[in-house]
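Which chain is which? The protein sequence lines are A and B, in order. The numbering of the first sequence is my numbering, which starts it at 667 and goes up by one. The numbering of the second sequence is my numbering, which starts it at 667 and goes up by one.
Keep in mind the hints are simulated off the structure, nothing from the lab. Glycine residues also receive a C-beta, built at the ideal position from the N, C-alpha and C atoms. This list has only true hints and no planted wrong ones.
Reference excerpt, derived from the structure (chain B facing chain A, CB under 8 Å, subset only):
| id | residue |
| --- | --- |
| 1 | S813 |
| 2 | S850 |
| 3 | H857 |
| 4 | V1006 |
| 5 | S1009 |
| 6 | D1037 |
Every beta carbon over 12 Å from chain B, so not counted as near; a handful from chain A, in silico:
| id | residue |
| --- | --- |
| 7 | D677 |
| 8 | G682 |
| 9 | A703 |
| 10 | L705 |
| 11 | G750 |
| 12 | E785 |
| 13 | G799 |
| 14 | N925 |
| 15 | N928 |
| 16 | E931 |
| 17 | E966 |
| 18 | A1020 |
| 19 | E1052 |
| 20 | R1063 |
2 protein chains.
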Amino acid sequence: MTHQTAFAALDAAFPGRIERGEAVRAQHGAGDSWHPAALPDAVFMAQSTEEVAQAVKLCAAHGCPIVPFGAGSCIEGQVNATQGGLCIDLSQMDKLLRVSPEDMDCTVQAGLTRQALNEELRATGLFLPIDIGAHATLGGMASTRASGTMTVRHGTMADLVMGLTVVLPDGQIVQTGGRARKSSSGYDLTHLFIGAEGTLGIITELTLRLSGIPETAKAGLYSFPTIEAATQTVVEALQFGLCLNRIELMDALQVKAINAYNKTELPDQPTLLVDLAGSEQQVDTDRDTFDALASENGAELHPVNTPEDYSKVWALRHSALYAARGLRPGCKSLSTDVCVPVSELPRILAETGADLDAEGIIAPMHGHVGDGNFHLVMLFDDGDAEEKARVQAAHGRLVERALAMGGTATGEHGVGLGKKKLHGGRARRGAGAYENAQARGGPGQSDEPGQDFRSLVADDLRVCA
Amino acid sequence: MTHQTAFAALDAAFPGRIERGEAVRAQHGAGDSWHPAALPDAVFMAQSTEEVAQAVKLCAAHGCPIVPFGAGSCIEGQVNATQGGLCIDLSQMDKLLRVSPEDMDCTVQAGLTRQALNEELRATGLFLPIDIGAHATLGGMASTRASGTMTVRHGTMADLVMGLTVVLPDGQIVQTGGRARKSSSGYDLTHLFIGAEGTLGIITELTLRLSGIPETAKAGLYSFPTIEAATQTVVEALQFGLCLNRIELMDALQVKAINAYNKTELPDQPTLLVDLAGSEQQVDTDRDTFDALASENGAELHPVNTPEDYSKVWALRHSALYAARGLRPGCKSLSTDVCVPVSELPRILAETGADLDAEGIIAPMHGHVGDGNFHLVMLFDDGDAEEKARVQAAHGRLVERALAMGGTATGEHGVGLGKKKLHGGRARRGAGAYENAQARGGPGQSDEPGQDFRSLVADDLRVCA
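Use the sequences and the hints to build the structure in full.
Right under this line is the structure:
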């Protein structure tokens, strides 16, 4: 146990509540990722913003690392406590504090999950239009700038957070933004905390924009001869401005995995799955248009007519990760995501596919193709160091390819520990200008002390001259 | 002439191009605002990012203030050179550098205007869906986080800028963001520069998201018995998710002014003007729905059937500012804007109306009611110091009212000189935490040296504990 003076102070402030048991620490030492677990020295279940602030103040005074924790659903090792310290778990701060149906907004505590929020909102006819695979907290989703399948229509968490309550590295509590739909009143501090993965402060409350639940939604399912044909259909549909809610692409290998996992018989070809939402009439018209565009690009159309068909089709999509893992039972999976301009998708998928084939790596692909964002689930034997290194090297080349095409190293998973190294080369030149702004000794954590800020500037900043 | 060493260096670097003539300085010393002009010592028409960087480096080395200048259409005194120095005019950097129809994005130089961009894009079927009253440059629009009438559908400049090239206060050139539709790769530096009004750097290039030009657009025009009835209609329409492109509200006085200016005979009542855009069928269906909602809330419907009617109705709206000024010819006008949650509109308009009546101030109102954003054009005799002070005091109370309702001091005009004082009281407590991050001696300008950062933190940051 390190950081003894910090824990003595924390024990005095929160008698009996600084938990040191092996089990609770183990629950907090890893997300849903391939990264080796790294346990915090202790866990504190915070009940309020004020408690978070008090704990942060004590940790700051004693130089003790802090890791904020929500649902632990992150997949880039964001919660792994590589330097030990205190894990501040916000999952019990799970209240819907306020909802305004007429303004279509609400304020929540950071530990509330997306699913629980939408459950609570149901009677209002409103929902938070973010659909991610994980069972995540809203604070965590803001901290990693989460997005998911509905981004093509509704945007990411960055577009839906109107204001925040944040505990700063020194324990100060601040509020940013507000309830106005827009503002040109000075620096956009709200967006500075979104995606900062806790390194600039701990988000404890969020004010969120909501949407009306659409009158109806219908799906479409299409098998394409090539990735190019599928992508071309997506480009045309986006230009038409159809009422698309989700546009998901799966490659042939992913479809094969889904067939095996679900005992279905879809053709082993690139497959598009779309969701259209709006009024009955609009959805029908727009699905006809999408059908026509897909046909012109050589697609085979699979009928999705009843509500049961609709549920079945989306259940297939949601099985993608488990189906992928099923291709090589007993293996670990490195789930990664990059995002490129939509027009570059065929090229990056072709080049990456050739690379993976050459390396003999099994890695099915599914993605939110309307945004140019896709996931690879790279399977490997955790006991085979050589294979693991080959998978990591191929992963690095994928990121480099995305960056070279004007894309980003991660569309929605975040940097965490997993992508710090991949950002390093590009970040180094960018770091100088911001060195003074580094968040020192505050929230967030790192395996290189004091490097948090630089690792997160990453590919978003490029120094040109 | 102050800053002599700076200008000697600038003259040497750009022979004959550092302009000191009275006429050119006068053209750059004020925007379209009521603030007294303040001329820069010299003007430099930059031709490239590299030239901007070189000029900034020289100014930084010699402690010379810099004011970036686009079209000079700002209305809060953002370009007034209260400390003299060098005005860097970017209006000749007006190229469309790249457009990708399949990705629906483009890259432009900061001096290109919105109108010129949309003209150049016409053949692609795409446009930048930002409709503001001013003839502004895109760099300026990003710097003040501009929005306008289509925000209810398409968002603000903050939602449409994907990446930036920026010259930092020390002359470094950096790029932020990229061409990916979304990213969770570290700090959101793009949004930090948007709305910073040049105080953190000079934006020289922007990558922008575009939209498809809709198949058709139709308008609706409605007279309401009360502001409440109009607002209620808007709330219901937003919850229905109708294909609304613009929702504009004018109060009875604004309508009276428009009637006088255009020789029309609309009832002197709160009036809604809506624009629906999409497919022919969707627009017709949704306008029928809007008509029904408006009728249920007591509205009188004015027919807007032909394309000529459509143009006429929007021409009326676009005449609002000139019509307002026509209510008191020869007077100056203080144009201001605040933004509140939509549900608070009736209350803030009632309280503000009572305040203005009590003070005898003529100030018609029009606004982007779908966002809760509205403008007052406050008319006053510039030679009457007492009246001017009364108008400014009423303006201050309007801002306080908006902030108290969870709104913001400015929805789309920015802080500039005009709202610095109004922010001061709230900003002071927020300043401490960020003092080290102040942009010292760099771009932007202020009437209190070194205070730029603090004045712009403004109402977006509230220190709670």
